[in-house]
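Taken in sequence, the protein lines are chains V and P. Take the first sequence: its position 219, counting from 1, is numbered 219 in my numbering, and each next residue is one higher. Count along the second sequence from 1, then add 1000; that gives the number in my numbering.
Since the hints were made in silico from the structure, they are not lab data. Hints are supplied without guarantee of correctness; some may be wrong.
[To be verified] Quick list of in silico lysine-lysine cross-link-like pairs, DSBU-like style, CA-CA up to 30 Å:
{"id": "1", "chain 1": "V", "residue 1": "K249", "chain 2": "P", "residue 2": "K1009"}
{"id": "2", "chain 1": "V", "residue 1": "K11", "chain 2": "P", "residue 2": "K1224"}
{"id": "3", "chain 1": "P", "residue 1": "K1009", "chain 2": "V", "residue 2": "K104"}
{"id": "4", "chain 1": "V", "residue 1": "K11", "chain 2": "P", "residue 2": "K1011"}
{"id": "5", "chain 1": "P", "residue 1": "K1011", "chain 2": "V", "residue 2": "K230"}
{"id": "6", "chain 1": "V", "residue 1": "K119", "chain 2": "V", "residue 2": "K9"}
Take a look at the letters that make up each chain.
There are 2 protein chains.
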Amino acid sequence: MEQKLTRLKNKLNAIYDLKHTAALLEWDQQVNMPANGNEERGDQIGTISELAHNMFVSEDIGQLLSELQTESSNLDPRSDDASLIKVTQRLYDQETKIPVELLKNLAQLTSVAYPYWEKAKESNQFSVFQPYLEKIIALTRELAQCFQPYDHIYDPLLNFYEPGMKTADVKQIFDELRPLQVDLIHDIAHHAPIDDSFLRQYFEPEKQWQFGLEVAEAFGIDWKRSRQDKSAHPFTTTFGQNDVRFTTKVLDRHMTSSLFSTMHESGHALYELGFNPAFKRTPLSDASSLAVHESQSRLWENLIGRSRAFWHHFYPKLMDLFPDQLHNIDVETFYRAINKVEPSLIRTEADEATYNLHVMLRLELEMELMEDKLAVKDLPSAWNARMQEYLGVTPSDDTRGVLQDVHWSAGLIGYFPTYALGNLISVQLWEKMRVDLHTLDDKISQGDFHDILQWLRVNVHQHGAKFEPQELVQQITGSKIDAKPYIRYLKTKYEEIYR
Amino acid sequence: MEQKLTRLKNKLNAIYDLKHTAALLEWDQQVNMPANGNEERGDQIGTISELAHNMFVSEDIGQLLSELQTESSNLDPRSDDASLIKVTQRLYDQETKIPVELLKNLAQLTSVAYPYWEKAKESNQFSVFQPYLEKIIALTRELAQCFQPYDHIYDPLLNFYEPGMKTADVKQIFDELRPLQVDLIHDIAHHAPIDDSFLRQYFEPEKQWQFGLEVAEAFGIDWKRSRQDKSAHPFTTTFGQNDVRFTTKVLDRHMTSSLFSTMHESGHALYELGFNPAFKRTPLSDASSLAVHESQSRLWENLIGRSRAFWHHFYPKLMDLFPDQLHNIDVETFYRAINKVEPSLIRTEADEATYNLHVMLRLELEMELMEDKLAVKDLPSAWNARMQEYLGVTPSDDTRGVLQDVHWSAGLIGYFPTYALGNLISVQLWEKMRVDLHTLDDKISQGDFHDILQWLRVNVHQHGAKFEPQELVQQITGSKIDAKPYIRYLKTKYEEIYR
């Protein structure tokens, strides 16, 4: 068995070299590439991805996996080797169960659909995108059907991002969460709105950039293993266990945008920088799931970055950097401003109290589309009705409504729920961390995040993709993914802010 | 035949995607990569290079090539398709005639040898590097012997960089050049030295950078297809026909270093940006040879960048940028300073009048090593004797003597002559260009390089690797690579400067 495992690992190493190389080609495209390099870059990404796919779905790996499945029956199922075999088998099934023809059609369709989505959004004409979305939904249904049997047609899509989770589980969690979150924002709506207009002053971009780097470094980012760059949309990407990079976008009149995106992406990066070195160049050197990934970004961005304790330490530094803009703003005013709740139309601009509602709406629409209960042509009115029901606002146009997100044009169906699940997990981890680390707030107030990062390294990061998200959360907190801690957190926080 | 050509091209396209991807991995390593990313980056470059090699030496390509060789006998040998077959066959022979074992041994040896060369150079102890260089020379002899029969054992090494050239040709050219260049610098030594101390003032790095970009843009660099970054050693690299990048190093007390390196690398980049679009993702989308490549960089750096006409236009701009440093330096003083001749120990710091002598010395030593006429242990004394003979200076230590260049530690034997051949070609092209473009100096004096770039595009760049260097030079200038124009150029230039 040892010899077969070594052979499997050697093959996986080369495949992960290719995957990380493709990630570099894409990062460079977003960050550095001269505009006209696009065409050949597309060829290169295509060639590398095809090679990685072909190497992975080779009969050789299939054979090794099936032999190892049998021979590894004596292994502790929680051992690294057993996990490697299990995770590799899951990925192998995902890549082999879908006919190459279908994958090609979907790739071609989404690349054709993207500019139509862009045009539809720009011109506020859903009908421009509608025929493409119809085809995307149809092909996505075909894609899901490759994974029969399932309890729900949405399950296989969800499982691309959340291994082992059922749509029914997610629905149950969200059904518990939704009414409480709707109530909360109704309550808040009865209080006087918070004035955060001072955040829209001009803040020198260079200083914003410097402050972001300082915060990332305080969180534990090591510049010998990471770097921050600028790109149109912030993201984090990984080229190896010691080379994880993230980006931000600096807006001169929206200081908090770049700052919280740096914290958010730092959280993602710290996760990727914390995988067990023994997992290098294998599928275990990856996140447990997208929701767990998002729990890391949200923990640093919201639970730490939007806390009083954090700003106790960092606000004086921010005032020193921006004396003209902030000299008559005290830390309490700043704290309330960055935690302002206001139901709005755009998911990516939503605050902590409303964000999950944007996500739930999308999940419900996706499920209905996949179940064939909702026709694509009826999507805009379904969207608007649900926005009114959950958030009390109705988009004046589809540009700021059903057309706002790029995801569906890229065939990313099943992805949205991971955002809300990540929020829930972040607070479950936070509650447990507060029990384990008694001096949490004191340390944050001193700008000292060492214990937090250590706790995350030990409990979350090091395991990489070894455990499925529900397993991991259960193992750390004693319960599966659960909405109650998040609700407790929101209530406590906002009752105090809007007292 | 059409079908086979298409199959060959498809395979070459994927291989060239891999080669350009490897180039990105290496560029990123020099320009952006966090320090600790090194280990996995090495794995990635290894994996991609091995894949590219394996795809190229496949029996499939061998078979296609041998069938195409026969079937293409009716093709015009100067047609694109005939050239593609010929050039691909040459590269195929190069990669298949060397046993994989030998390639591996050499790669392993040079990667082990590099730190010993570094250490030897740092500590001025040739003996630390000597045993490794002995092995490198032995393996390089083996490498050359794979290409028997040949007129001279150095021929195959030279041919890696200069297809079709014979060692005897190079020797003949250099034998003509050497005495004339030695005489020239003896003459100059009798004149009063030029004072260029003002160039060693502090010049703000940011302004140096800006000025370099302005010059590169004036030369014709299009930032939609290129970019300049910073790295420890300046270089140019290509990721596709519309993405060619170069780097520089800015020294705050050595303004001309960064400026002339930007001009030099711009020349390389303009060549790579000018290949026929029909050659995309094939071996024809490459330089004719390293010497032709170097002719392009030297033409922009020296024939244009160190000319009076150039500074007539650009010196007022430079004075505006650096008024404190240059207010009492007139353009003539500046022109003489950047053209100062001074025999020195270090090749990379050598001026136009002495540079080739550094190269010739290296070629002679390499030939003697390969012929087994010189033992590695006697290299330092042979080096020093020849430095005294050609340049009238003797290194006080091996650090600034035989250990100065990295090339031998990397197994790059056969590479040095391309630098001097490039200088010669640059002047041959220049003489022809002056005949074709009557208003050359006027245009340069106006900062207008459009006609020059056009001439190079048509006569040199577009052909890519289609013609061997001697063919190309013959076709443009009517004669093969020739030392006389270079000698004429040096004499005229320096007699006037040191009149």
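Return the numbers of the hints above that this structure violates; sort them in rising order.
1, 2, 5 and 6
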